[in-house]
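Undergrad: Generate the whole structure from the sequences, applying the supplied hints.
2 protein chains.
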Amino acid sequence: MNFNAGPAALPLAALERAQAELLDLGGTGMSVMEHSHRGKAYEAVHNEAIALVRELLAVPESHLILLLQGGASQQFATGPMNLLPAGKSADYMLTGSWSQKAYKEGKTVGTVRVAGTTEKDGKFGRIPAQSELSLDANAAYAHITSNNTIFGTQWDKFPETGNVPLVADMSSDIMWRPIDVSKFGLIYAGAQKNLGPSGLVVVIVRKDLVEGGRKDIPVIFQYRTHAENNSLYNTPPTFSIYLLRNVLDDVKKNGGLKAMEQRNRDKAKLLYDVIDSRSDFFSTPVDKAARSTMNVVFTLKTPELEAEFLAEAQKRKMVGLKGHRSVGGMRASIYNAVETAWVKALADFMREFKA
Amino acid sequence: MNFNAGPAALPLAALERAQAELLDLGGTGMSVMEHSHRGKAYEAVHNEAIALVRELLAVPESHLILLLQGGASQQFATGPMNLLPAGKSADYMLTGSWSQKAYKEGKTVGTVRVAGTTEKDGKFGRIPAQSELSLDANAAYAHITSNNTIFGTQWDKFPETGNVPLVADMSSDIMWRPIDVSKFGLIYAGAQKNLGPSGLVVVIVRKDLVEGGRKDIPVIFQYRTHAENNSLYNTPPTFSIYLLRNVLDDVKKNGGLKAMEQRNRDKAKLLYDVIDSRSDFFSTPVDKAARSTMNVVFTLKTPELEAEFLAEAQKRKMVGLKGHRSVGGMRASIYNAVETAWVKALADFMREFKA
Numbered sequence: 001m002n003f004n005a006g007p008a009a010l011p012l013a014a015l016e017r018a019q020a021e022l023l024d025l026g027g028t029g030m031s032v033m034e035h036s037h038r039g040k041a042y043e044a045v046h047n048e049a050i051a052l053v054r055e056l057l058a059v060p061e062s063h064l065i066l067l068l069q070g071g072a073s074q075q076f077a078t079g080p081m082n083l084l085p086a087g088k089s090a091d092y093m094l095t096g097s098w099s100q101k102a103y104k105e106g107k108t109v110g111t112v113r114v115a116g117t118t119e120k121d122g123k124f125g126r127i128p129a130q131s132e133l134s135l136d137a138n139a140a141y142a143h144i145t146s147n148n149t150i151f152g153t154q155w156d157k158f159p160e161t162g163n164v165p166l167v168a169d170m171s172s173d174i175m176w177r178p179i180d181v182s183k184f185g186l187i188y189a190g191a192q193k194n195l196g197p198s199g200l201v202v203v204i205v206r207k208d209l210v211e212g213g214r215k216d217i218p219v220i221f222q223y224r225t226h227a228e229n230n231s232l233y234n235t236p237p238t239f240s241i242y243l244l245r246n247v248l249d250d251v252k253k254n255g256g257l258k259a260m261e262q263r264n265r266d267k268a269k270l271l272y273d274v275i276d277s278r279s280d281f282f283s284t285p286v287d288k289a290a291r292s293t294m295n296v297v298f299t300l301k302t303p304e305l306e307a308e309f310l311a312e313a314q315k316r317k318m319v320g321l322k323g324h325r326s327v328g329g330m331r332a333s334i335y336n337a338v339e340t341a342w343v344k345a346l347a348d349f350m351r352e353f354k355a
Numbered sequence: 001m002n003f004n005a006g007p008a009a010l011p012l013a014a015l016e017r018a019q020a021e022l023l024d025l026g027g028t029g030m031s032v033m034e035h036s037h038r039g040k041a042y043e044a045v046h047n048e049a050i051a052l053v054r055e056l057l058a059v060p061e062s063h064l065i066l067l068l069q070g071g072a073s074q075q076f077a078t079g080p081m082n083l084l085p086a087g088k089s090a091d092y093m094l095t096g097s098w099s100q101k102a103y104k105e106g107k108t109v110g111t112v113r114v115a116g117t118t119e120k121d122g123k124f125g126r127i128p129a130q131s132e133l134s135l136d137a138n139a140a141y142a143h144i145t146s147n148n149t150i151f152g153t154q155w156d157k158f159p160e161t162g163n164v165p166l167v168a169d170m171s172s173d174i175m176w177r178p179i180d181v182s183k184f185g186l187i188y189a190g191a192q193k194n195l196g197p198s199g200l201v202v203v204i205v206r207k208d209l210v211e212g213g214r215k216d217i218p219v220i221f222q223y224r225t226h227a228e229n230n231s232l233y234n235t236p237p238t239f240s241i242y243l244l245r246n247v248l249d250d251v252k253k254n255g256g257l258k259a260m261e262q263r264n265r266d267k268a269k270l271l272y273d274v275i276d277s278r279s280d281f282f283s284t285p286v287d288k289a290a291r292s293t294m295n296v297v298f299t300l301k302t303p304e305l306e307a308e309f310l311a312e313a314q315k316r317k318m319v320g321l322k323g324h325r326s327v328g329g330m331r332a333s334i335y336n337a338v339e340t341a342w343v344k345a346l347a348d349f350m351r352e353f354k355a
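As given, the protein sequences belong to chains A and B, one line each in that order.
Going left to right, the first sequence walks through residues 1 to 355 as the numbering used here numbers them.
Going left to right, the second sequence walks through residues 1 to 355 as the numbering used here numbers them.
Simulated from the structure, these hints should not be mistaken for laboratory data.
The reader is advised that the hints may include incorrect statements.
Copies of the same chain are indistinguishable here, so a pair counts whether it falls within one copy or spans any two.
DSBU-like cross-link-like pairs, simulated, lysine-lysine; straight-line CA separation at most 30 Å [stated by the list, open to error]:
no., residue 1, residue 2
1, 317, 252
2, 107, 157
3, 88, 157
4, 40, 301
5, 88, 40
6, 215, 123
7, 40, 101
8, 123, 40
9, 344, 40
10, 104, 207
11, 40, 317
12, 258, 120
13, 269, 344
14, 315, 40
15, 88, 215
16, 344, 157
TA: Structure representation (structure tokens):
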């Protein structure tokens, strides 16, 4: 039972499919990894993956889908390199470690400012209200991290940024529920939580932002380069994209994002209910309204109890429950592919451990 | 029989191993893709891959090994971003399409100049002699492409650049034979020919160049960032690195780079011998001294004959033999993992087709 924060559990069906055809993609006698990225066999996989992103998230025609390398960490740089010209400034809303990292990397590229933060004594336990934000109406864009894996918080309603394009790092919660993509100028998500293996980042970007993007940066970093070449300008990470296809196909077969949302809400409720009903034993540093459906962070009374909890969980084949070193405690990451049965087993174990 | 130019054939043993443990890495009950990149199980794979690169290529302690994303195309930009400061210039030796691309991307970063080219009517049939080069003794570095996949040429002896660090894109021929790594300031190689699947680039770089590298670029693009974090600053492409490990382990078990060189030379000779002994029927646009051991480029008398050749080859389960669209004709890519038996079958077929 894999509760890793990422890379994380993948749907068993997606992995079994990969295993079955690892040496022979569709009767070609070759692994998907051995196919040319310009050949028909791979091209079909590539286009199916893109089509599934578009279908599942209902991405409108105003937006392009790019499959790139370098993860979200690279997007922290290439986002501003494309969208933040000299003379303009970009807004960042700080809700955790990853938004801080995005902000810091943004600084290496251009002028960035903090448009809101929920930091308190080095920690982040909540998401800011709209009224707390000081947004710049002339900003090149306004950036959020939609889910904060380390602190266990998540934006429920996204901020209103008027005409300023909203940019979101959705690495840890893309595809967990339906969203209105038209509200965003740019969405990027490292694949290794809800989408597939690491080494792939999915970028969804408004066409006009691509067209108006900066041209004074290396060709490889321009969104337009990849947009004009259907993400085949250079050799893409073909196996990761193949797995993305398998994962999204599995999501579709299981009812798409509406079914996924219900399942994820049910899973999160199982754990938060135990925490709330045993608040003398478990506690969570997270504001109730900001609780993440993807990463459930909680603590026990003493480090000794926490160590015992983790050791006992390990015996029951539950892994990945240790909280991030910067926060401590426990963290159950319950992304799309984490099965309800595992979450039930964890909730049962929590009750039993307290008893 | 896979003669693709890249992504290309992988050793069957490496793929079979991946298939066998795709759902269960070392008894953990989880796929390598589902493991945390900060966990022990993955860490062992990561470090083994790096150690194998060091051992097989006899990389001296003066050099670091980094496992990054973005392929060679991204190194075209990040190489100069790190190594080419304002006020300095870098030399490029042009021997084909990829070195032209590296040069063009270098231009987007800083001052670059051509230190030699073998271009003639848009094509490149040879490698320049040392005497043809006009090297700048004050250059930040001098860049070559060690093997030219499209035109089928390869540097046999590397150029002497004195105190100027030699930088080489070795994407299409790294690990084909032993080399003296100490002669290079920077080597980079996209994995998808001799090393593993796409989505991974191996960088071998001199420590002093990393330390002296530019700091006025985004953190994610600084070699020092990845050097200081053992290539774990951000989530690495774990599955691609796992496959790199499998591939290099297979190379080692098969005798390392000396055995690989003999095997590759024998394979190339099989094809060039047919071409040379039937020069009224097959021809190659490549200077004899510059012939690549990795990509054997040849033509037939007419487009009709070439089409027939390809169709007949396809019937014999030989794929990937069509030359690059910019050159035409045929190209047999015979990287490390292309089996001698396949090359023999191709040589036999060539003789038979001519007969």
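Undergrad: Could you tell me which of the numbered hints above are not met by this structure, giving the numbers in increasing order?
TA: 5 and 12
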